[in-house]
Amino acid sequence: MSRGSHTKWLRALLVFCAPASVLAEPASHVASPTSIFAPASTPAQSIFGLSMFVLAVVGGVFVVVFPLLAYSVVKFRDRHNDDHSEPPQIYGSNQVELAWIVVPILIVVGLFLATAHVIASIQNVTPPSGSTEVVVIGHQYWWEYRYPDLKIVTANELHVPVSDPAHPTPTFLTLLSADTDHSFWVPRLAGKTDLIPNHPNRMWIDPHEAGLFLGQCAQYCGTQHAKMLLRVYVQPREEFERWVRDQRQPANASSASSGISSGKRVFESTACTNCHTISGTAANGRFGPDLTHLMSRDTIAAGAAPNTPENLRLWIRNPDAIKPGSKMPAMGLSDQDVNALTAFLETLH
Amino acid sequence: MSTDAIIWPQLQTESRPITERLHEWVTTVDHKRLGVLYVLYAMFFLIVAGIEATIIRIQLIRPHNDFVSPQVFNRLFTMHGTTMIFFVIMPVLFGFANYLVPLMIGARDMAFPRLNAFSFWMTAFGGLLLYFSYVGASGLYGAGNAPDVGWFAYAPLTSKTFSIGNSTDYWTLSLLVSGVGSIGTAINLIATILCMRCPGMTLGRMPLLAWLNLTMGALVILAVSPLTAAQIMLLIDRHLGGHFFDTQAGGSAVIWMHFFWVFGHPEVYVLVIPAFAFASEIIPVFSRKAIFGYAAMVAATVSIAFVSMSVWAHHMFTVGMSSGANIFFVLSTMAIAVPTGIKIFNWLATIWGGKLRLQTPMLFCIAFLFQFLIAGLTGVTLGAAPFNWQLGNSYYVVAHFHYVIVGGILFTLFGAFYYWFPKVSGRMYNETLGQVHFWLFLIGFHLTFDFMHVPGILGMPRRIYTYEPGRGWDIWNLIVTIGVFFQAAGILVFVFNLVWSFFRGKVAGSDPWDAWTLEWSATSPPPVYNYAVIPTVRSRRPLWDIKHPEDPDWRYE
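If you're matching them up, the sequences are chains A and B in order. So in the numbering used here, spot 43 of the first sequence is number 43, and the numbers just go up one at a time. So in the numbering used here, spot 479 of the second sequence is number 828, and the numbers just go up one at a time.
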């Protein structure tokens with residue numbers, strides 16, 4: 001990655017577009033965790049720089065042409081005290097017309113060169129050593145994350161390490177789809193890239209600050225496209241490594257409590273196992289999210305609801321109450337079984 | 350055919366029973382009646398698709414709203430998009446072209462009147478087929494399922510696996526059927542314009558409207574054919590065991606995208622070029638000046654059509670194309686800004702030094718100039734691929750293309766309605782109501798579509814039936830929805846004005862605007878045969894020559 005020359009270019013762009021940045025300032029201060037004008041990772045930052053340049057140029061065109069239009073409409077409107085004669089007829093002028101061919105061509109060439117540069121700087125990047133590899137698999141209305149090097153499988157909440165701009169440790173995502181098209185879009189980290197069946201894609205992020213970054217599926221994928229939310233947890237290196245260690249532990253399946261073991265029995269004896277995996281048990285389905293460390297997540301149903309015992313119970317009893325049209329069926333369990341199952345799930349730290 | 354045989358229906362219509370008169374409309378091959386049928390048909394679907402949009406906006410007025418279910422919402426945006434493109438804008442433009450082109454080139458009808466009728470009825474049945482899905486299609490959620498795959502129907506969502514039942518088949522068949530109609534009309538327009546011009550009307554003396562519709566016809570043939578091919582492939586996939594787009598059997602979802610957008614982007618120009626045509630006729634008449642740079646306008650139109658064939662993949666910047674492919678499509682996309690800019694500047698130069706009559710048709714065209722400028726500039730921002738990686742598929746895109754379709758196309762269409770209404774009906778519309786419509790619609794349009802850019806910038810994707818609070822999107826969505834009601838009120842005034850004026854408006858005479866093109870030399874409404882004597886022209890503005898014998902145009906052209 002030629003980061004040095006790249007940031008220099010960016011800085012030049014940003015200086016050039018200072019006026020537009022001022023215009024864009026209010027938008028970035030609107031309290032939105034998903035604003036494209038609050039970049040926190042190199043790809044998003046490069047796009048932001050280019051955006052400001054493009055906005056400055058089109059803003060410049062606007063500032064010239066709009067008042068010109070307004071002026072000519074006001075200036076040449078028909079006065080009522082007029083003598084009703086026709087104005088002089090002018091059929092054209094080669095010089096004038098040539099001018100408004102040449103000037104737009106120059107503007108387009110400038111925009112094109114800046115754009116081509118940023119495309120290459122984001123797309124033509126090879127992973128440096130120390131980068132993290134994640135395979136992202138889009139499913140109808142949830143996200144599967146597999147870390148092939150770390151031997152971790154999780155869902156819906158992506159954990160990645162912070163990347164120090166001086167010593168970048170970016171995360172590279174391989175994007176796959178298990179069913180229809182999806183799109184991975186966390187605006188503060190990078191532009192969106194689609195997940196298309198039979199068409200693996202790549203993208204990368206190198207978040208410069210720790211924190212939770214939000215986004216959601218940006219390609220219509222079916223009934224519950226709206227609640228296919230994205231949560232990216234960017235963690236300092238040690239915290240990320242602790243998370244990795246925890247995720248690699250087998251499920252906490254040994255429990256003495258009778259309620260919990262009966263919940264486990266319910267899980268293992270019903271259709272749950274067809275779709276879900278809990279490592280260390282017989283359940284190894286892949287149609288739904290891996291539940292091995294379910295309790296390490298803040299949300300369920302791809303971010304649609306906080307991960308609380310009440311929501312878990314509701315979700316098992318009637319998924320449509322949270323996410324109508326989701327692929328999780330209502331299990332038709334007795335209250336007793338639902339309670340036992342929830343108690344068991346709550347042990348999956 | 351003898352003259353008697355042509356005049357005969359005109360003389361008889363008033364006294365005969367309604368069934369017979371309806372029968373005449375159903376069996377007509379007259380370009381003017383078919384034009385009116387197209388327009389009325391499109392108006393009906395404009396109301397339908399407008400109601401769909403209103404329901405969509407009510408659902409999005411606040412986060413976690415439950416006005417409609419996700420299933421219903423997804424059908425609504427699919428039907429809204431499909432209806433507006435294929436059964437509102439295309440037919441209304443075909444209707445105007447049908448009505449105006451023969452009149453403006455001094456012909457008595459289109460080249461192939463029966464093909465013309467056939468094309469209209471194919472388009473009409475296409476629309477009925479689409480809406481029959483609400484009754485006839487069964488799907489995952491039982492009977493009464495309209496398609497819910499989105500108007501660009503990306504594979505593999507349309508495969509049997511994900512789209513159970515037959516709502517998607519209704520969508521496919523309806524576009525297939527209406528596509529045949531579109532191609533028929535395109536062939537007819539091209540043949541008419543190339544072969545039926547009156548004596549003296551060389552290509553260089555045609556009204557711009559004829560030139561632009563000629564270009565549009567060529568684009569329809571080039572654009573609709575791949576769409577038709579793709580629809581047939583989709584039918585083969587769904588019913589004959591094909592795997593073109595069936596990703597689970599190794600098919601390609603990306604190929605569908607290419608097919609769709611090879612149609613989809615030229616389609617934008619199929620829609621906008623006739624809108625340019627209206628502006629190019631109305632602006633000179635209401636500025637009292639000849640169009641500035643006629644040759645440049647024609648050249649810009651033709652080059653837009655050419656370049657528009659090579660920009661389709663700018664709809665696919667997020668699909669994961671190589672950087673080389675992305676860079677190519679950035680260049681071709683931005684190149685379109687040049688001829689488009691020429692057009693805006695030429696219209697501006699036409700206004701410059703004129704005496705503007707700010708009546709309703711001109712008001713709509715002036716608003717169009719401002720709005721099309723903005724739409725073009727937001728188009729450039731979307732054409733910068735990396736910016737598109739952020740903005741693509743967000744509400745910014747929705748705002749951008751509605752700025753083109755509503756702010757550009759629909760505004761000039763309203764202008765065209767008011768401009769040619771006296772010709773078609775023989776009566777003037779009410780100017781006050783026309784201006785009320787203009788201001789209501791202008792306010793509504795800007796409330797809705799200016800503010801719609803913002804949630805896109807703040808990360809709101811399109812096609813979501815609801816959204817999370819706390820993203821900073823709430824207030825913008827509220828404003829956007831409020832604007833819809835102003836637009837709806839404007840449309841009501843518009844419909845009322847036209848209906849009322851049709852019966853009660855004051856008689857218009859053949860040339861109420863003191864205009865210059867041939868259609869204003871025919872009576873209002875024109876007789877079935879248009880011109881008793883085929884006119885002969887010596888310039889682009891034959892009526893100017895007649896009105897100003899001391900200073901005719903042909904001295905300068």
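Hints are not guaranteed to be accurate.
[Said to hold, decoys possible] Restraint ranges, calculated between C-beta atoms of paired labels, are given here:
hint : chain 1 : residue 1 : chain 2 : residue 2 : range
1    : A       : Asn274    : B       : Ile513    : 19 to 25 Å
2    : B       : Phe834    : A       : Asp246    : 30 to 36 Å
3    : B       : Val651    : A       : Gln95     : 53 to 59 Å
4    : B       : Leu584    : A       : Gly130    : 47 to 53 Å
5    : A       : Gln95     : B       : Lys855    : 25 to 31 Å
6    : B       : Val856    : A       : Leu68     : 35 to 41 Å
7    : A       : Pro250    : B       : Ser672    : 39 to 45 Å
Hints listed in this document are in silico derivations from the structure and should not be mistaken for laboratory results. Cβ atoms here follow ideal geometry from the backbone N, Cα and C, with glycine treated the same way.
Status of the hints after comparison with the structure:
| no. | hint | in the structure |
| --- | --- | --- |
| 1 | A/Asn274 - B/Ile513: 19 to 25 Å | 20 Å, holds |
| 2 | B/Phe834 - A/Asp246: 30 to 36 Å | 53 Å, violated |
| 3 | B/Val651 - A/Gln95: 53 to 59 Å | 22 Å, violated |
| 4 | B/Leu584 - A/Gly130: 47 to 53 Å | 51 Å, holds |
| 5 | A/Gln95 - B/Lys855: 25 to 31 Å | 46 Å, violated |
| 6 | B/Val856 - A/Leu68: 35 to 41 Å | 40 Å, holds |
| 7 | A/Pro250 - B/Ser672: 39 to 45 Å | 43 Å, holds |
Taken one by one, the earlier hints fail for this structure at numbers 2, 3, 5, listed in ascending order.
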